[in-house]
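For the record, the sequence lines run as chains A and B.
To convert, note that position 251 of the first sequence is 251 in UniProt numbering; the numbers rise steadily by one, no gaps.
To convert, note that position 281 of the second sequence is 281 in UniProt numbering; the numbers rise steadily by one, no gaps.
To be clear, the hints were calculated from the coordinates, so they are not data collected in a lab.
Every clue listed holds true.
The list treats identical chains as interchangeable, and a pair is accepted whether it falls inside one copy or across any two copies.
Derived lysine to any residue pairs resembling SDA-like cross-links, with alpha carbons at most 20 Å apart: (1) 386 / 236; (2) 198 / 345; (3) 198 / 350; (4) 313 / 325; (5) 148 / 130; (6) 198 / 344; (7) 313 / 324; (8) 198 / 352; (9) 198 / 223; (10) 198 / 343; (11) 237 / 384.
Number of protein chains: 2
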Amino acid sequence: MTRLIQNSTFRLFKNKSNRLLFTCYPTCTHAKLSNLTRSSIEYSNIEGEKAQLKMEKSTSKTIVLTGYGGYDKLRIEEWPIMKPGKDEVLVNMRTNSINFAELMARQGLYDGSPKLPGVLGMEGAGIVTQLGEDVTNLKVGDRVICIKMFGLWKEFATVPAEQCFPMPDAMTFEEGVALPVNYVTAYHMLFDIGNLRKGKKVVIHMAAGGVGIAATQLCKTVPNVTVFGTASAVKHKIIREVGVTHPIDYRTQDWQTEVTKVAPDGVDIILDPLLGSDATKAYATLKPLGKVIHFGAANMVSGPGTNYFQIAKTWWQTYRPAILSMMPANKVVAGYHMGHLPQEPIREAMVDLIALYNEGKIKPRIDSVWSYEQIADAMAQMHDRKNIGKVILTPYDENNITPKT
Amino acid sequence: MTRLIQNSTFRLFKNKSNRLLFTCYPTCTHAKLSNLTRSSIEYSNIEGEKAQLKMEKSTSKTIVLTGYGGYDKLRIEEWPIMKPGKDEVLVNMRTNSINFAELMARQGLYDGSPKLPGVLGMEGAGIVTQLGEDVTNLKVGDRVICIKMFGLWKEFATVPAEQCFPMPDAMTFEEGVALPVNYVTAYHMLFDIGNLRKGKKVVIHMAAGGVGIAATQLCKTVPNVTVFGTASAVKHKIIREVGVTHPIDYRTQDWQTEVTKVAPDGVDIILDPLLGSDATKAYATLKPLGKVIHFGAANMVSGPGTNYFQIAKTWWQTYRPAILSMMPANKVVAGYHMGHLPQEPIREAMVDLIALYNEGKIKPRIDSVWSYEQIADAMAQMHDRKNIGKVILTPYDENNITPKT
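Bound-form chain A, shown alone (with noise of 0.2 Å):
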């Protein structure tokens, strides 16, 4: 008879005459191994009895940020997995994802970067192994979906219970891990700050990353918006295919003399990850009532390293709103930051946005996968911005992301 024992606490040592054996809490204090493997351990104990122990390790496979700075300030170590506070539960990483937070918080650009030597990561899905005394609303075994302000590039993370979000059945963790972020971002620009209604116009911006394919997923939730997204011409079909009325070639075109065209009363909604003069534009770009919504600013990351002379140029080039003139102007400037909200609301997005994956109306794109250990090649894919959708990292390799139960 195989025994199977989950959640053990055990040590692999050698004893005098070299013979490998381990000690395993609660179950047995000494026992013949027979057979050992990555994940499980097949044994006989004091008793005779044939058994196997589910591994489970003490250490966790981690992205470890060293300093700030380009792609080789990033490391992967082993680093020993935490036990869960009383509200905690810990999971165990299926996918993590890369934002452009993450390529910002290298650079030491972020607000909120972790200190060093620290772990990035805003995002996970996996299976919770652990959970903290007072959690009730979990338990082992659960699918979840995971944010939390970095730390979650790990194989194993503890995370607050409250930031985990069961996933439905029928969603990949591939696509769990390409929810939070970016379409929580989506949802609350264009949804709370945004307003948007049917008969909208709205500007995207890198309408082939992750938030732009999120925004315009959600903007086709509402009837008759117009969406005007840019992306590099190669990416035109892909985010036409998604929802994009308008796509515009930034590279060769001045996006807003493409939007003034079709829209010369200007828009009602623009999403602005970039600053700089973009931002700029945008606010001349609005119609009385628009909205402009800054969530990024991307313009002043120019290539993987620190570029101050671009930082400052983008800072100069980003106007400064000034109340009295927008009084007259009638203009709504917001400035957005999930990293930054409270549980709240991002629990609110996160219930209706579940709640519209299972309605089919949203789907998140996957652009690619990539191993913890190809996190710089990862890096570039983003920040070379040849990503269409989400850009995955998993601390197993790609085929071996959902585990054979």
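Given chain A, work out where chain B should sit, using these hints.
For chain B alone, coordinates are given in the frame of chain A:
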């Protein structure tokens, strides 16, 4: 038999023997006068037929702004009645109103103040007396609410037909004239920019004023909205009746301190007609995703004349948001000025507002009615913040607003 002749052009004159005669086009050239009142002439025409002619005044009592400054810059004059343009109608105004905009415009502080000598007045309610040749949606005799970027403080004013809204039968001219500026302003700020939804917390300054009462009533159309309203203590009973949850006496209490006691995490919407240090406090009192809407600069107006020190001080004390700091704070800053809006959003709001009036959900509150000749006292009533609700003007006397038919 007495015939009623309307809309004729006539002229009174005396003949050589000093007898009063008149010519009247197209009905008659000379006629024998039998009775003359301010508004009608009874006469016998050439055929001996008795007739009554409703006089059409050739001049219009008008409040004229002769210079920028104090109350003495406003004079009552008789100005010629203009012929309506193709898309305009001529309206016999039965009521007009005073808005804060007119107080500022009188001092030359309002963007869009008319050239001198000019006519203020953004709202009117009255009766259509003449149609431009292309007007099809209105007819002579219609009771209408008029909105125009100044020029309505006239007994007879021309108004673009699309800026006239037929009044429900139950609505008085006093109520009608109180609807556009205050209610459209409150409507756009709360429902378009503010995206007011159930359970939100709102700060309304000058809660006993026109916009304040309109905004409070509109807040009550949404479930479970908390309203903080500032007003002097003597007005608290009334604003509480209108719907303010927490009245704050701005003269003896710091509104920010009082709001924060009840809502330590901040509020969702702040309507700011003040600017200066109150605007800066408002920005600081928003919760994440909170929206502050600036729609006036009452703090710039300290007395009946133009006070450049007060203007400079208010300007100086008003914050200037930096986009990069708005992002982590998740703040939304808006400027609002109804006078600079295109017609479309105003029409949309008016349609909704008239529906809300018909449902009994909103009811303009009238503070007081003043004749044109009392304009200085009427303005002082508002400037000194004595009013609770709308301050109304009429070219007639207050007992003759609704004409006897």
